[in-house]
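Peer 1: Listed here are the chains, written in short residue letters.
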Amino acid sequence: MLRYTLLRLLGAIPTLLLVIVLAFLLVHAAPGGPFDDERVLPPAILKNIEATYHLDESLPQQFWRYLSGVARGDFGPSYRYRDLTVSQLIGSAFPVSLRLGAMSMLLAVIVGVGAGIVAALRQNTMADRAIMTVAMTGISIPIFVVAPVLVLLFAVKLHWLPAGWSGNVGLARWMLPVVSLALPQIAYIARLTRASLIDVLGSDFVRTAKAQGLGTVAIVRFHALKPAMLPVLSFMGPAIAAVLTGSVVVEEVFGIPGLGQFFVRGALNRDYTLVLGIVIFYAALIIFLNLIVDILYGVIDPRIRYR
Amino acid sequence: MGASWANVRGNRALVVSAGILIVTAMLAVIGPLISPYDYLSTNFDALLRAPTMADMHLFGTDDLGRDLFVRTMLGIRVTLIVAIIASIVSLVIGVAYGATAGYFGGRVDAVMMRLVDTLYAMPFIFFVILLMVVFERNFLLIFVAIGAINWLDMARIVRGQTLSLREREFVDAARLTGVSSARIIARHIAPNLVGVVVVYVTLTIPQAILVESFLSFLGLGIQEPQTSLGALVDAGVNQLERASWTLLIPATLLAVILMCFNFLGDALRDLFDARQTR
Amino acid sequence: MSLLEVSGLGIRYGTNDVVAGLSFSVDPGESCGLVGESGSGKTQTALAILGLLPAAATSSGSIRFDGIELLVADEDEMNALRAERIAIVFQDPMQALNPYLRIGQQIRRILLQHKLASGHEANDRVIEMLARVGLPDPKRQFGAYPHQLSGGMRQRAMIASALITEPDLLIADEPTTALDVTVQAQILELLASIRDDTALLLITHDLGVVAGHCERTLVIEQGGLVEEGLTRQVFAAPQSRHMAQLLAAAPRLDRDGMREGMRGEFAGETVLDIRAAAVSFRERGSHRRLQAVRDFTLQVRSGETVAVVGESGSGKSSLVRAVLGLIPLQTGVVSFLGERLPDDVRSRALTVKRELQLVFQDPVGSLNPQMRAGDIISEPLLVHAPTLRDGERRRRVLRMLEKVGLPDSFVSRYPHELSGGQAQRVAIARALVMKPSVLICDEAVAALDGTVRNQVMALLEGVQDETGLSIIFISHDLAVVRGISHRVLVMYFGRLVELADCASLFTRPLHPYTRALIDAVPVPDPAVARGKQVIAGEVPSIVTPPSGCAFHPRCAYAHERCIVERPDERVVDGVTVACHRADEIDLTVR
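Top line first, the protein sequences correspond to chains A, B and C. Our numbering puts the last residue of the first sequence at 307; the count rises by one with no breaks. Our numbering puts the last residue of the second sequence at 278; the count rises by one with no breaks. Our numbering puts the last residue of the third sequence at 590; the count rises by one with no breaks.
If you are wondering where the hints come from, they were derived from the structure by calculation, not from laboratory data. There may be inaccurate statements among the hints.
One-sided excerpt, in silico: chain B residues whose CB lies under 10 Å from chain A [claimed, not checked]: (1) G105; (2) V108; (3) V111; (4) M112; (5) R114; (6) M122; (7) I125; (8) L131; (9) M132; (10) L220; (11) E224; (12) P225; (13) Q226; (14) G236; (15) V256; (16) F261.
Stretches of chain A that chain C covers, calculated by requiring three or more beta carbons in the stretch to come under 8 Å of a beta carbon on chain C [stated by the list, open to error]: (17) 217-229; (18) 288-302.
Straight-line alpha carbon distances no greater than 27 Å define the calculated DSS-like cross-link-like pairs of lysine-lysine that follow [unchecked claim]: (19) K139/C / K226/A; (20) K115/C / K139/C; (21) K115/C / K226/A; (22) K435/C / K403/C.
As the structure is a prediction and not an experimental result, all values here were calculated from the model. Ideal placement from N, C-alpha and C gives every residue a C-beta, glycine not left out.
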């Protein structure tokens with residue numbers, strides 16, 4: 001088990017490095033510099049600015065400087081927000097995004113798994129078909145459609161929930177964003193849980209459990225649930241990535257000052273260090289969370305633990 | 001392929017989904033021909049009109065007075081074309097990559113799949129957004145970007161299927177008989193891959209549509225005056241309170257198209273699985 | 001009153017009746033064998049009794065257990081009966097046990113569910129039961145996962161789980177089919193000794209199993225009962241045509257049915273020469289090499305059939321694949337007609353490839369599901385005789401079909417449209433179309449029913465007589481090879497332990513393992529069936545090979561020398577044998 005964990009950990013490092021290299025190259029391959037948009041500056045001042053940002057050095061040198069910085073947790077200064085470093089910006093925006101993402105994932109897992117189990121146990125009944133149709137809709141409607149429509153319905157027409165972020169406090173303003181973000185994941189998880197549980201319920205060892213006189217509840221609890229959750233667990237990796245992606249849209253639509261919003265702004269403003277920093281940060285987060293998922297998988301499936 | 005048409009026809013979800021998609025596509029081509037408007041012309045006298053039969057503004061007009069029906073039909077066309085081309089790109093890359101890894105197995109496979117696993121962990125969307133911003137929204141780049149995200153799934157599936165096919169005894173039997181590698185791949189392995197590939201293409205297309213719509217929504221995808229369903233939704237979000245139809249119509253169409261592809265893919269997958277487990 | 005009474009049972013899927021009008025009964029404490037071919041409805045019946053039929057099935061008729069009508073009972077009533085009063089053991093323990101739970105956890109759940117015990121007491125009872133079924137170190141097995149146990153041990157665990165509640169009736173559905181024949185004998189004996197007052201309904205296709213372990217016999221054909229009665233009466237004087245057929249088709253070790261010219265030396269040129277062949281492979285996830293075959297030598301002559309017999313772990317499949325070049329040969333030389341063959345099949349000349357052919361165990365799996373039978377059979381022609389005109393090629397394909405006993409119309413059929421026997425015949429047609437010199441059959445008839453199997457073997461014999469084809473016939477079943485082989489080779493743990501001509505091997509084996517195999521094969525004759533020596537233990541794990549002679553842990557004749565020194569092959573009375581004590585012990589079958 002320990003060996004399995006260590007191997008996974010070791011494998012994560014080259015991945016992260018690759019991400020950093022690719023992102024760095026991409027950002028620096030862009031035509032034009034970060035200061036093109038501004039008013040035309042006299043060459044002397046331009047040279048000064050470039051020196052401050054080390055843009056006059058060769059690319060490998062810049063990369064090495066950047067990498068050593070990242071290792072220390074320093075992502076460099078923001079090109080846009082001159083007084084702030086990227087680390088500070090990320091630090092201020094991340095807690096909001098984290099809360100948004102965590103609440104959405106939690107909601108997605110609880111509702112998704114629950115719905116999936118119900119659908120699987122009532123296979124081919126009205127309840128099952130209803131749940132699966134709703135799930136299908138959930139997958140098919142993009143977040144950037146769901147979010148505005150929910151706002152239209154619950155905020156504008158019904159006035160039950162606030163539409164915007166700023167100027168509002170309390171749990172209410174989280175509700176629409178969290179639900180919008182969670183919806184597609186609820187749908188995927190529900191479908192996956194249902195398919196997986198039906199699969200497991202059809203296996204020979206469940207037949208044995210039935211033959212041993214265990215009722216449905218006992219079978220699901222003791223025999224079927226654990227193996228059925230394995231595909232769902234595997235899905236957590238991509239699910240987290242999807243939530244991160246979706247948060248960009250949700251933060252835009254609701255005006256939430258999170259990392260996603262910063263990223264889009266940074267991309268449009270050519271704030272390269274900020275963008276680079278966020279990409280690397282997100283990548284590290286995804287890799288780390290994937291690692292945890294992998295370890296959990298090993299905990300549940302004994303065939304991996306004991307050769 | 002030995003599959004019976006009766007099986008295909010009998011599956012209601014499959015038929016209905018395919019039907020809706022075909023009708024939608026035809027409408028997208030024919031529609032603009034019937035309407036007296038084109039997608040470009042602005043008309044500042046008719047801004048944000050609700051849908052009406054009167055002026056033949058079947059879907060109303062947008063904030064620049066352009067006819068939404070024609071624009072929506074254009075949007076459908078663009079969305080579908082981009083999605084299909086991007087899917088083909090990811091299909092070609094994915095199948096070639098996956099089949100190679102699966103056929104050679106061993107070291108080659110281990111290395112190739114390590115790369116896939118690494119790429120999987122990356123926040124691709126962010127790279128794509130970066131790409132789009134950096135390279136100034138090149139239309140061609142959209143296909144590349146979308147193809148670059150989607151080929152990973154296809155590669156994994158094809159590799160898995162090829163690996164298991166390689167171990168099947170009829171491949172051994174062919175080798176023993178002296179059948180050449182080329183013929184083994186062409187006659188024994190490839191035909192058994194078709195099923196899996198078809199299923200996954202129908203599931204890749206909605207993914208491609210989502211990515212393209214996402215990009216357009218952020219303003220990074222299809223540029224004015226061209227439009228896609230995603231771009232139309234983006235525009236509609238801005239008019240949410242005043243002219244909700246500008247959001248609801250393209251949003252509904254987008255959702256319907258995605259659902260049909262998903263249903264189609266699901267039905268095909270069930271069909272394929274049923275034939276595999278005999 | 002009967003314990004179990006089945007009257008007019010019918011099981012139907014859509015318009016297909018798998019069981020119709022089935023009636024039989026089982027008395028308390030008795031052992032009943034339900035015997036029939038595959039597809040006859042035996043397993044369906046077992047599932048129906050326990051209420052485990054899939055939703056697609058509709059059942060009719062009556063199943064009364066101790067007066068309770070099972071077909072109308074609701075789920076709660078059924079759950080009260082299951083395990084506590086009626087238990088079942090399934091065929092494949094690897095699938096039937098939950099791979100994600102420890103053995104002890106799964107079994108104690110039964111006690112908890114039926115409120116028979118709880119907490120520590122439950123654990124103790126499970127461990128006690130595991131000991132009773134013969135698991136060595138029951139405490140350890142309690143905490144082990146199924147994949148950590150061997151096949152025999154898993155089935156013992158299953159039996160433990162079934163009998164721990166002391167049910168009135170135990171149904172065993174092909175309980176030993178997935179196991180080695182020596183282990184099968186152990187399990188059957190275990191069932192007999194441990195069941196006490198529990199009635200046993202033993203479902204199987206193997207007449208020998210029924211003959212040796214069941215007081216009464218029920219014969220089922222296509223969903224209906226065709227005969228029943230006391231075992232010795234049914235076997236001695238079958239009343240039904242079907243039972244007579246089954247008896248005739250069942251291969252027997254003791255009856256004289258060997259081929260002409262089986263005794264004595266076989267003359268003829270050596271076609272295939274295997275010398276000192278060894279096969280090894282790297283263990284998964286580590287760098288250790290595991291030895292599958294050691295130092296194997298055999299010469300096969302033109303027109304003869306050599307059977308290679310061995311249980312799991314014997315290395316016979318690895319050997320065959322290495323000889324054919326599908327997997328690497330570690331050391332050794334394989335020659336065909338005197339010429340040395342390259343190790344890798346891809347490097348071999350095309351002319352050689354047409355001479356060595358293989359028929360696999362799984363008939364349907366060895367055929368490309370996307371190709372029609374006609375294309376499958378003509379593919380070798382395309383490779384080896386590309387200049388043939390279409391018409392001539394078609395003619396040859398049809399001729400092969402005729403030879404294997406299939407009608408012309410089968411040319412356009414896909415593998416999924418063929419039955420097991422038909423598919424195997426297509427595979428044989430493919431193998432023989434280029435008239436090879438050597439045909440290797442790797443468990444080629446294991447998946448076939450009695451009558452079909454005999455047809456296929458007769459077909460092979462016929463071809464051999466006609467063309468002088470040499471056959472290497474690999475099987476785990478001694479009884480099957482007896483009728484077709486000139487010589488028999490026995491393998492154990494990767495080595496040759498005995499090679500003799502057919503007659504000698506079956507009457508006077510020289511190696512204790514051979515004798516054990518002969519004893520373990522169930523004989524379809526109740527008079528003979530009882531009183532055989534059942535050998536203990538199982539084939540050792542390839543990861544931990546025993547010292548000296550690999551068989552010594554299970555051998556009744558083992559001496560100190562056997563523990564330390566590995567016996568070389570030597571010739572004793574014309575028999576090649578690898579045993580230190582071959583000339584001392586008398587293993588003659590009386």
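Peer 1: Now tell me if each hint is right for this structure.
Peer 2: Hints and how they fare:
no. : hint            : verdict
1   : G105            : violated, 20 Å
2   : V108            : violated, 18 Å
3   : V111            : violated, 12 Å
4   : M112            : violated, 15 Å
5   : R114            : holds, 8 Å
6   : M122            : holds, 5 Å
7   : I125            : holds, 5 Å
8   : L131            : holds, 7 Å
9   : M132            : holds, 8 Å
10  : L220            : holds, 8 Å
11  : E224            : violated, 16 Å
12  : P225            : violated, 21 Å
13  : Q226            : violated, 19 Å
14  : G236            : holds, 8 Å
15  : V256            : holds, 8 Å
16  : F261            : holds, 8 Å
17  : 217-229         : holds (count 5)
18  : 288-302         : holds (count 3)
19  : K139/C / K226/A : holds, 25 Å
20  : K115/C / K139/C : holds, 23 Å
21  : K115/C / K226/A : holds, 24 Å
22  : K435/C / K403/C : holds, 12 Å
When each numbered hint is compared with the structure, violations occur for hints 1, 2, 3, 4, 11, 12 and 13.
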